[in-house]
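Go by the hints and put chain F onto chain X.
Protein chains in written order, with my numbering: chain X, 1 to 324; chain F, 1001 to 1436.
By construction, these hints were calculated from the structure, which means they are not laboratory data.
Computed from a predicted structure; not experimentally measured.
C-beta: ideal position from N, C-alpha, C; glycine also.
Take the hints with a grain of salt, since some may be wrong.
Using C-beta positions, here's what the derived DEER-type ranges look like [said to hold, decoys possible]:
| # | chain 1 | residue 1 | chain 2 | residue 2 | range |
| --- | --- | --- | --- | --- | --- |
| 1 | X | T54 | F | A1115 | 50 to 60 Å |
| 2 | F | D1273 | X | W118 | 14 to 24 Å |
| 3 | X | L92 | F | W1394 | 22 to 32 Å |
| 4 | F | E1347 | X | P232 | 39 to 49 Å |
Here chain F is said to cover these stretches of chain X; the calculated rule only asks that three of the stretch's residues, wherever they fall, bring their Cβ under 8 Å from a Cβ of chain F [as the list claims (entries may be wrong)]:
| # | region |
| --- | --- |
| 5 | 101-115 |
| 6 | 192-199 |
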Amino acid sequence: MKRHLLSMHDLTPEDVVRVLDTAESFREVGTRVIKKVPALRGRTVVNLFYENSTRTRISFELAAKRLSADVINFTTSGSSVSKGESLKDTALTLQAMGADAVVIRHSSSGSPYQLTKWLQGSVLNAGDGTHEHPTQALLDLYTMREKLGRLEGLNVAIVGDVLHSRVARSLSFGLVKMGADVTLIGPPTLIPPDAPAWGVHVSSDIDAVLPKLDVCYMLRVQRERQRQQFFPSVREYARLFGLTRERVDALPEGCVIMHPGPMNRGVEIDSDVADLPQAVIEEQVTNGIAVRMSLLYLLLGGSGPDQLEAAGPNDEATRGADDV
Amino acid sequence: MSEASAKLLFRGARVIDPAGERDTPADLLVSGGRIAAIGDGAEAGDADIVECDGLVLTPGLVDLHTHLREPGREDKETIESGSRAAAAGGFTAISAMANTDPVADNAAVIREVQALAARAGLCDVFPVGAITRRLEGEDLAELGEMVEAGVRIFSDDGNCVPNARVLRYALRYATAFDDVVIAEHCEDPSLVEGGQMHEGYNSYSLGLAGRPREAEEVALARDLAIARMTGGRLHVCHVSSAGSIDLIRRAKDEGLRVSAEVTPHHLVFTDDDLVTYDTNLKVNPPLRTSDDRDALRAGLADGTIDVIATDHAPHAVEEKEAEFDRSPPGTIGLETALAAVLTHLVEPGLLPLSRAIDALSSAPARILGATDHGGPLEVGDPANLVVFDPAARWTAEAPFVSKSRNSAFLGASLTGRVVHTCFRGELVVADGKAQR
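So here's chain X without its partners, still in its complex pose (with noise of 0.2 Å):
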């Protein structure tokens, strides 16, 4: 693996599914009582978050800190960066503090690429602009594999604002990497006009393409679009591309239903299919701490669930006081 996580386009298959099997391993070590390896004791891990996500840093947070990890907490308010510092200095703040890693989470695209400039350690990126989100995409498919047990040929249909989701952008690119069959669905407005070229299908008509879907994963979509006219009317967004109970009954049986959250409930998807069993939500959730343990892990040294083996969760001669 490289040293870098900016992009789906940064992992192999090979890679993703190292990952995911590495991601497995841990997944355990949240079940048990005390929730803690020492595979990164003495490791630091910078959470570096230009914008707001509770969900994705403490995801992070725990993930780091279950491996043992000293971590960091970087927010903008009430920082140097609200003073006017650049991120440039920032980076070099972090860097003679030493850090290992830095998971950046910035409303600007590209940001975790100008941070490898300045930085020694490794860079995650935890959501970029209209970028990439490639750790919500690798916890997505971990989340396909567990619950449909492979993810080569899959079919599955991303609903709603692909034009300004970075979390459309890295699971199709990780999906097709994987060989499933992926279509993009929404108003034409919403979706890029050369998507086609990722190696996916688009369509404005989601009644179409249910039947056959093993997976229907929708996106939020912000009423702000429909201030900037992309869509007329929230309601008419709702009508014509939201997951309602009728078009749940539309897809096949075992179809599991996910959305990265946080949810607009009544808008893409109705509130009683979002607690539905085959909607994932939450198992969503649990497994992104799994799987960002594994990239933390994979990232600073790990190379794989032979090591992990040696030196992760089961090893008794590196396990440290916090874990009895």
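Then chain F, alone, in the frame of chain X:
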């Protein structure tokens, strides 16, 4: 040797003078700041000899599109530092854009720029006047007063004139003056709002808001229609799309008074080069696809595009070392323009050297009305010349002579380097080094 009164004999250069239809080995004698002899009669006498074996001598380069940032942002560039960068790049005349602070929308600012340029004395600086007051696109600036102060080109560059009626009156009003040019930044603002790069496969994949090529083509089509309606003289700044080339070609065939420029960076790079979010490649208009770039090259070769202009746009390091969407667009270009064209167009055989010199010197001098520049090289003319080594290889590296370092070509390996720049008979650059 640095005084303009000194005698210089440039010996054994290949002299390329597109306006004079000359491309021959020749000696050229400079005396009293002027060309004293070319070929026959160019004898050393008491002149200092400048050996030019293997070198090319041409009229000094002329840039129609330079941002000097003074007044207002002297931390990025001053008229003196920009003039120095121009001389280093072989330019003897540059045209300074109006989007300074305060805006060059009145004769007082124009005269200040002229005075500062004269004090620097490293090249001729022709101030561009704004079309509208404060570049706001609403009210016409006092074009006539600025013409009296010596302005020949008006532009709101950085902005398109969004209001068609205002552009109509600007183009029509300007016909009151001889050969005054309205230079337009053609880009429909409503189609590029928030855009960071060319809209297409790469922008969708990189998650950067797009600036579609149609924004340029829509505005250009409008501007050409207004040029037709008014009889005004339109110059199209930094053309970037294949569709624009077609529009300009048809307008020229029709006989409209229109000229156009392209930048070296649009002739070399494409939006594929943005995959690492290099802010030095963030420019306006954005780098487009290889099809557009190839059309620009073809349009330059066949004369649809008249001029290569740098759009030299200096920015502070900290501004460019920022997040992509927060970084201002623009690249410096004065010091790399000639080499970029030689490396990427002339050497691969896409553009004859004489046409390259025409586009970098003679054609912009004609549009600018800079009769002391661009050739034809004739006895008695001011000696504004450049001598370059077409085979020298070098790497574009900081520090640059410009106060800024935001070069799209930073780190690029280039072929062809300026050896001497002669401004009004004085070697302001000799053996590649600034003389003062």
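Verification of the hints:
no. : hint                          : result
1   : X/T54 to F/A1115: 50 to 60 Å  : holds (59 Å)
2   : F/D1273 to X/W118: 14 to 24 Å : holds (21 Å)
3   : X/L92 to F/W1394: 22 to 32 Å  : holds (31 Å)
4   : F/E1347 to X/P232: 39 to 49 Å : violated (54 Å)
5   : 101-115                       : holds (count 7)
6   : 192-199                       : holds (count 6)
Figure legend: structure checked against the earlier numbered hints; the only hint not met is number 4.
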